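There are 2 protein chains.
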Amino acid sequence: MLKNDLFLRALKGQNVARPPVWMMRQAGRYLPEFMEIKKKYDFFTRCRTPELASEITIQPIRRFGMDAAVLFSDILVIPQAMNVEVQMKPDFGPYLPKPIRTQRDVDNVIVPDIHSELNYVYQAIQASKEKLDNEIPLIGFAGSPWTLLCYMVQGQGSKTFDKAKEFCFTNPSGAHELLQKLTDTTIEYLKAKINAGVDAVQIFDSWGGLLSPTDYQEFSWKYIQQIIDAVKNHAPIIVFGKGCWFALGEMSKSGASALGVDWTCSARNARYLSGGNITLQGNLDPSRLFSSPSDIKKMVNEMINDFGKDKYIVNLGHGILPNIPLDNVKAFIDAVKEYKS
Amino acid sequence: MLKNDLFLRALKGQNVARPPVWMMRQAGRYLPEFMEIKKKYDFFTRCRTPELASEITIQPIRRFGMDAAVLFSDILVIPQAMNVEVQMKPDFGPYLPKPIRTQRDVDNVIVPDIHSELNYVYQAIQASKEKLDNEIPLIGFAGSPWTLLCYMVQGQGSKTFDKAKEFCFTNPSGAHELLQKLTDTTIEYLKAKINAGVDAVQIFDSWGGLLSPTDYQEFSWKYIQQIIDAVKNHAPIIVFGKGCWFALGEMSKSGASALGVDWTCSARNARYLSGGNITLQGNLDPSRLFSSPSDIKKMVNEMINDFGKDKYIVNLGHGILPNIPLDNVKAFIDAVKEYKS
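Read top to bottom, the protein sequences are chains A and B. Counting in the numbering used here, the first sequence runs from 1 upward without gaps. Counting in the numbering used here, the second sequence runs from 1 upward without gaps.
To be clear, the hints were calculated from the coordinates, so they are not data collected in a lab. Please read these numbers as outputs of a predicted model, since none were measured by experiment. Don't take each hint at face value.
Claimed, not checked - For each label pair, taking beta carbons as the anchor points, the in silico distance ranges come out as:
hint	chain 1	residue 1	chain 2	residue 2	range
1	A	338	B	180	35 to 45 Å
2	B	306	A	272	13 to 23 Å
3	A	2	B	85	49 to 59 Å
4	A	295	B	103	42 to 52 Å
5	A	43	B	180	35 to 45 Å
Unchecked claim - Within a straight-line C-alpha distance of at most 27 Å, the following computed DSS-like cross-link-like pairs (lysine-lysine) qualify:
hint	chain 1	residue 1	chain 2	residue 2
6	B	129	B	232
7	B	89	A	159
8	B	163	A	330
9	B	163	A	297
10	B	12	B	131
The beta carbon of each residue, even a glycine, is placed where N, CA and C say it ideally should be.
Okay, chain A solo, but in the shape it has when bound:
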């Protein structure tokens, strides 16, 4: 039994004295103790060494006491396991030297035995659970198939992922083949993570908002729905589609336990578009953590009042930025803990 089950209660839609809080990318570069580890070990060594990954996972909890931990990992471990080389270049981000551009490239992508291939992830989960000692739940995550395709075809980050979209719109059957392979792999991966001990999972559809509503259905949502169908009876699932306000209605009927929203969607719009009954998670603009601690506390209070304390998980609208002052993070977390309805 977890000592603090606020997060799981919110996912079940149960009433709470105050909403739970965590931050996307809370185990990351804004923390000096993370930067110490980053100096010594490269990105994939940190991901692949259970002692390091679990240490990084609990660093923010020790400092700020969030209501949930999120496993330190990366969405691109999936393409890696599927036979696609992924590098993480300093000051550049992900780089895939052989991006998918042809049908032959798609054929070469394998659906791996994800249980053996990503064993280091499950070990990191077990190590994190031990360190958390039943205090708070642990979240595991995966990228959406569409978001993974974006990186696999573009070969790197992008404002528009125009090469990924060109691939989908000129070779839709190849794109769907790749998306199905990604979906099949992700389902097994998330089930294995749940078996290893995560208490909930989140799908990051970071680039879903680059698609029109019609194309979103075709190239992103129908694969996410497959994942929800396969996983929802094993653990609660949160879907975060950045820029996907237009899909909140359909998402709310999907079997997901909660929906993430970004800061462009007001609480009122998010509740309206999602039908008013599903748990929502978000949505302070990560850049707003540059405001003063007192302004941050004020904004968090308004945000909770706007979303309502129930069926709500306080978070940012995307990952925390690297150069946010620690006092500002503390103000964000503390404001939630001090919240009085």
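Given the coordinates of chain A, work out where chain B should sit on it, guided by the hints.
Quick look at chain B alone, frame taken from chain A:
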């Protein structure tokens, strides 16, 4: 009198046999005749030489016969005129070597005599009008103050414009001072363009969608509203806020003649959010021009049916991409001309 006034009729909300069509960035890199000029002259030479700018402006009209021309220029001529150095680096985009980061930087930004400073723009307008010979209207444009601030503070393009937002959220008074200078300059600039002969103007708020609805009001919309108030009696004004679906309601009451929408906002959502009465412009995903010509024609027909033929201007949801095949552009334009309701 213009021989083809479909575009102006749509801006007035008058009934038309078919909607008008143009494309953002229609004078650009997808055209071989543009690339010929690009080989010989650098970016700002093209902008600053009226003969070149007017030639580029009418190139797409000669080839495809759109219902409006848009002056070849750049939103960053405004910061340049305001004493901020702007370079256009090949394969990189805009680069501002001395970005605005301090109050002193803001103080150094001048509100120029835009009539003498950007004389080359007005000459390019006159030359374009002569070449167009009253066939179709000419559109002039400006960036929104917020979008210009993004580049001036960030110093280059960005996915998140995090430095621009950090500046606004840590030094809001400096940000507002800069935004007001930009607004004052832009108002005089657009009036001068209208005096020189453009038939309508468009405000590009390319990065408005990076802000929360509350921050959008504070850092972007209130300045756009000032511009509309000052310009609307001189010429019709179109506001295009990329990602600004959440502001369409307020925008519809602003005095603008039309609102641009991007492809993430369906026709139905756009009509609903904008109150159903204002002319809308958009919104095919520019990447969708990678589809086959027959698919493009089908999508254009559906789009016109969804928006309705009246109070509607067919366009893309953002600028055309450089590597779109000419036959696909032709299919897009022809589909509108062949439209039968």
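Evaluated hints:
1. The beta-carbon spacing between residue 338 (chain A) and residue 180 (chain B), approximately 37 Å, falls within the hinted interval of 35 to 45 Å.
2. For residue 306 (chain B) paired with residue 272 (chain A), a C-beta distance near 22 Å keeps the hint of 13 to 23 Å intact.
3. Distance hint for residue 2 (chain A) and residue 85 (chain B): a CB-CB separation of about 57 Å, consistent with the stated range 49 to 59 Å.
4. Taking the beta carbon of each, residue 295 (chain A) and residue 103 (chain B) are about 19 Å apart, not inside 42 to 52 Å as hinted.
5. At roughly 44 Å, the beta carbons of residue 43 (chain A) and residue 180 (chain B) sit within the given window of 35 to 45 Å.
6. A C-alpha spacing of about 21 Å is found between residue 129 (chain B) and residue 232 (chain B), which places the hinted pair at or below 27 Å, so the restraint holds.
7. Distance hint between residue 89 (chain B) and residue 159 (chain A) is fulfilled; the C-alpha atoms sit about 18 Å from each other, no more than 27 Å.
8. Distance hint between residue 163 (chain B) and residue 330 (chain A) is fulfilled; the C-alpha atoms sit about 22 Å from each other, no more than 27 Å.
9. Proposed proximity of residue 163 (chain B) and residue 297 (chain A) is supported: the alpha carbons are some 22 Å apart, at most 27 Å.
10. Pair hint residue 12 (chain B) plus residue 131 (chain B) holds up; C-alpha atoms about 25 Å apart against a cutoff of 27 Å.
The structure does not agree with numbered hint 4 stated previously, though it agrees with all others.
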